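If you read the sequences in order, they're chains L and Z.
Using numbering that gives the first Met the number 0, you'd call the opening residue of the first sequence number 0 and step up by one each time.
Using numbering that gives the first Met the number 0, you'd call the opening residue of the second sequence number 0 and step up by one each time.
Take the hints with a grain of salt, since some may be wrong.
To be verified - With a Cα cut of at most 27 Å, we get these calculated DSSO-like pairs of lysine-lysine: (1) K324(L) to K71(Z); (2) K3(L) to K110(Z); (3) K357(L) to K7(L); (4) K383(L) to K110(Z).
To be verified - Sample of chain Z residues at the chain L side, in silico, Cβ under 8 Å: (5) V10; (6) S14; (7) N57; (8) P75; (9) T79; (10) R82; (11) Q94; (12) F96; (13) L99; (14) I107; (15) K108; (16) L111; (17) D113; (18) D130; (19) H202; (20) Y206.
Treat the hints as calculated values from the structure; they're not laboratory data.
For clarity, every value in this text was computed on a predicted model and none was experimentally measured.
All C-beta atoms in this analysis are idealised placements derived from N, C-alpha and C, irrespective of residue type, glycine included.
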Amino acid sequence: MLNKLLFKNQDKKQLTIAIIGAFMGITFLITSIHYIIKVNEFGKGADILGPNTLIVQKKVTNASSLNLTKTDFSIHELEKMRKEPFIVEVQPVLSNNFSVSFETSDPLVPYFRSDVFIQTVDKKFLDVKTSDWDWKPGDKYVPMIMPREFLVMLNTFMSSSGIPQISDDIAKQVKFKFKLKNDKGEEKVDVRIIGFTNEVSSLLVPASFMKYGNDKYSDGTDNKITQIMISGKESEFGLVEDLLNKKGLESKNAQMVVGRLKSVVGTLFIVVLGISIIAVLASGLVLIQYMQLLMSRNAYEVRTLLRIGYNPKDIIRSFFVYFVKIFGLVAGLGFIVFIVFKFFLDSMFDSGGLYIDKGMTIISIVSLLLAYAVFTVASYNTAKKGIFRQF
Amino acid sequence: MDIILDRIMPVPLASIQHGSDSIWGNFVEMKAGKHILLNASSGKGKSTFTMTTFGLRNDYDGKITYDGKDIKEFSPDDWTKIRQRQIAVIFQDLQLFPTLTVAENLFIKNKLTDTYSEQELLQMLQQLEIDNKWGQKCGLLSMGQQQRLAIIRSLCQPFEWLIMDEPFSHLDIENTNRCLKMIDQRCRELNAGFVLTTLGDSHGYQYDQELKL
């Protein structure tokens, strides 16, 4: 009866507009937060190198072929790049200037040996525990990151030898060795694969091992920095790309494409998120304003109820529960529409070659609950203020 | 419950000259169970008395106490308890809900304390000859019918005091007498006191104390 008295005679048009606004805001809010997270997660775990990481070198031109321009980096150039606000990290990729070969050392795997080119990667760029990427003389093994194309080559060899091919996980169990040598001597050290990368074509080792090999087995040539590793900020890939073009640097095309795609899609969703937050706040305010209007229209009823003995808390509860139910319905509908959106958007991303994870994101659900909590608190305070004004 | 008006002077009435026997500015004690007549002409503050005594206005100097407690110190919960169980009021403007039916106007009050059954409420309407309006919207009733409804609604609770602000202004003598009979019976049942404010007519009712404005 209380609800009949307080909510029967109201202007449904304004309420409907507020509900539609809140529904749209909530739907876009969850959708945009979900896809910002998913786009940023894209590529994580598939590669041991961290996200937004590029390995770049200077473009080889006719002039550089004739030794008229340099293709190596100076320390000054690296320092200058580090100062750019959109750059997170810049580190040189060091190469070996000693002879090194890579061979299997496991009775379960046929003998295989190849001269290899090894390079270093700083631990800051890796998606592994930093303690796993350390080496010092006397350690049981050298941690190594293998290019996935090298594993493909190994598997091709296995297949042609009539031996079962090996997976990533099995490869990490197989024993390998590096053989370091020069005219004066040679040394074998055990190697363990800790991860794979699609971004680099050489075997990656810790800098301490490279220094050890270069110090002990160097052939005497200078160790120039011809490649560097750059990590850019999320959603600012366009600026990194501009810098590379300006400085005549190049990277693997695939890395560039993914970085550009992530940057564009991420920026797009941040814009949508901003609009969604404004929409949710605006529609929440419209709903709150509607509540105030409803209380104002029912001022006589509220005042009379208080005079005949109704507790203000009961009347506050009536308004509060009514609007919390409306917003709950809006939030529920928004969530359902988000699930439908998600189904279509995931399919669109798939068909566009962006294979993002299909799972839900906790933060998007938390954001929905947060929006609901904010509205709940705001509607309770508005109801309390409005009712006690009539007391 | 004893009600004391200790030198009460409502701000809007402060500029008016009041008589030496007026309740305004003097000490007035209303002992529990007393039947009081508040007699005054228009504009002297009968409704102001009802509103201030019932805690709906606090723009006054002086102090009103219920059993020695200053009513300005009561919390909303205290007032809820008082309005549900200790003081019932018939407002001059009736304060009914025009969009609800006669039955709903009674139920909405009665359900707070579950004082009467539906049958009893119907009988009370019968007694005042408006039982045929049971399902009719209150806003469609005449003023006299609404006044009778407001009187019945005020009785749908336990009370120690019944404050009536010109409750029979739209009623003829017969209906006034029916209402007085019902009020008297209910007050005797509850051993409650009442304050009847009138424009000079005591409606033939016996009272213990007369107050002036």
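Outcome of the hint check:
1. Between the alpha carbons of K324(L) and K71(Z) the distance comes to roughly 36 Å, so the proposed pair goes past 27 Å and is violated.
2. Proximity of K3(L) to K110(Z) is assessed by CA-CA distance (about 15 Å); at most 27 Å being required, the pair is judged to hold.
3. At most 27 Å may separate the alpha-carbon atoms for a hinted pair to count; K357(L) and K7(L) exceed this at roughly 44 Å.
4. As the CA atoms of K383(L) and K110(Z) are separated by approximately 23 Å, the hinted pair is consistent with the 27 Å bound.
5. Among the interface hints, the one on V10(Z) is violated; its C-beta lies about 19 Å from the nearest C-beta in chain L, farther than the 8 Å criterion.
6. For the restraint placing S14(Z) at the interface with chain L, the shortest Cβ-Cβ distance is roughly 27 Å, beyond the 8 Å limit, so the hint is violated.
7. The criterion of a C-beta within 8 Å of any C-beta in chain L is not met by N57(Z), whose closest approach is roughly 11 Å, and the hint is violated.
8. Taken as an interface hint, P75(Z) checks out: its beta carbon lies about 5 Å from the nearest beta carbon of chain L, inside 8 Å.
9. At its closest, the beta carbon of T79(Z) sits 4 Å from a beta carbon of chain L; the interface hint therefore holds under the 8 Å criterion.
10. For R82(Z), the interface hint holds, the least distance from its beta-carbon to any beta-carbon of chain L being 4 Å, beneath 8 Å.
11. Taking 8 Å as the C-beta cut-off, the interface hint given for Q94(Z) holds, the closest approach to chain L being about 5 Å.
12. This hint holds: F96(Z) has a C-beta 6 Å from the nearest C-beta of chain L, less than the 8 Å allowed.
13. Using the Cβ-Cβ criterion of 8 Å, the hint placing L99(Z) at the interface with chain L is satisfied: the shortest such distance is roughly 6 Å.
14. For I107(Z), the shortest C-beta to C-beta distance to chain L is roughly 5 Å, which falls under 8 Å, so the interface hint holds.
15. Because the beta carbon of K108(Z) sits about 5 Å from the nearest beta carbon in chain L, less than 8 Å, this interface hint is met.
16. Using the Cβ-Cβ criterion of 8 Å, the hint placing L111(Z) at the interface with chain L is satisfied: the shortest such distance is roughly 5 Å.
17. Interface restraint check for D113(Z): the shortest CB-CB distance to chain L comes to about 12 Å, outside 8 Å, so the restraint is violated.
18. Look at D130(Z): its Cβ only gets to about 20 Å from chain L, farther than 8 Å, so that hint breaks.
19. Among the interface hints, the one on H202(Z) is violated; its C-beta lies about 24 Å from the nearest C-beta in chain L, farther than the 8 Å criterion.
20. With a cut of 8 Å, the hint placing Y206(Z) at the interface with chain L is violated, because the nearest CB-to-CB distance is about 25 Å.
Going through the hint list in order, the structure does not satisfy hints 1, 3, 5, 6, 7, 17, 18, 19, 20.
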